[in-house]
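Visitor: Take these sequences, add in the hints, and give me the full structure.
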Amino acid sequence: MERKSKGRQKIPMTRMSNESHRSVTFSKRRSGLFKKASELCTLCGAEIAIVVFSPGKRAFSFGHPCVDTVVDCFLSRNSLPNSGSLQLVKAHCNANVSKLNLQLTEALDMLEAEKKRGEELNKMRKASRDRCWWEAPVSELGLQQLEQLKVAMEDLKKNVAKQSEKIRMEESNPWRFFEAGSSSMGGHVGGASHDVNVSGLGNYSLTHSYSPGGREHWMRKTVSVWVVSWSRCTPVVPLHGEEQ
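All residue numbers for the sequence shown refer to full-length UniProt numbering, where the first residue is 1 and numbers rise by one.
None of these hints come from the bench; they were simulated from the model.
Note that this is a predicted model, so its numbers are computed, not measured.
Misleading hints may appear alongside valid ones.
[Unchecked claim] Distance windows between CB atoms, simulated:
| id | residue 1 | residue 2 | range |
| --- | --- | --- | --- |
| 1 | E120 | L33 | 23 to 33 angstroms |
| 2 | K126 | V52 | 30 to 40 angstroms |
| 3 | A136 | D68 | 17 to 27 angstroms |
| 4 | V160 | L104 | 22 to 32 angstroms |
[Claimed, not checked] Keeping only pairs whose Cα atoms sit at most 27 angstroms apart, straight-line, the calculated DSS-like set for lysine-lysine is:
| id | residue 1 | residue 2 |
| --- | --- | --- |
| 5 | K99 | K57 |
| 6 | K10 | K36 |
| 7 | K35 | K99 |
Ideal Cβ placement from N, Cα and C applies to all residues, glycine included.
Guide: Take a look at the structure:
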C-alpha cells in the first residue's frame with residue numbers, strides 16, 4: 001500500500017524564515033534541552049547551568065544546584081569558600097533536586113502518554129462518526145447526507161403527530177367505552193354483566209336482568225366506583241344505587 005504521508009523528515013539546520021515557526025521550535029527544543037540536562041544531573045550528579053534567550057530576548061535558565069553557584073564556580077575557576085550558609089543551600093538543593101527531577105521526568109512521561117491516548121481517541125471518534133454520520137454536526141454533513149436526514153426527520157415528525165393525535169382523542173373522550181358497553185346490552189335475555197375500565201376513573205360494573213317472556217321484570221344497576229390509591233393501590237368502600 002502506498003504511503004500517503006511523508007512521515008518524519010530531517011529538518012535542515014538553517015535559520016527559519018517564519019517567525020511563528022521559530023518561536024514554536026524554540027519552546028520545544030528548550031524543553032528538550034532542560035530535560036536532558038536534568039537527566040544528566042540525576043544520573044551523574046553533575047552541576048549544570050544553562051541560560052537561554054528566546055528570539056524575543058526573554059531569558060530562561062536551568063541550574064543544578066543553582067545557576068548562581070555554578071556561574072560563580074566557573075568565573076572563579078575554583079570552588080567558593082565553604083561558608084555555612086552556602087553549604088546549607090547546597091545540601092538542601094542536593095537533597096531535593098533528584099526527587100524533583102524524577103517527578104518532572106514522570107510528569108513528562110505521563111503527558112506524552114496522555115497525548116498519544118488523546119490521538120487514539122480522536123481516531124476512534126472519527127471512525128465512529130463515519131459509521132454513524134447522522135450523529136455528526138449538521139455543518140459537517142454533505143448534501144446527500146443532509147437530504148437523507150431531512151427525509152428521516154419528516155417521517156419522524158409524521159409519526160409523532162399521529163401518536164399525539166391518538167393520545168389526545170383517547171384522553172378527550174374516555175366515556176365512549178361506557179356508552180358502547182351500555183348500548184350492546186339492550187336485546188339480551190337473562191342476566192348480563194359488563195365491566196368497563198376507564199383510565200383515571202376506576203372500574204364500573206353494570207348488571208341488567210329480564211324475564212324469560214321478554215318483558216322487563218326488574219332492573220338493577222349497580223355502579224361500583226373503585227378509586228385507586230396512589231400509595232397502596234387499595235379500593236375504598238363502593239357506592240351502591242338501585243332503580244325499580
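Visitor: Hints broken by the structure, by number, lowest first?
Guide: Failing hints, ascending: 3, 4, 5.
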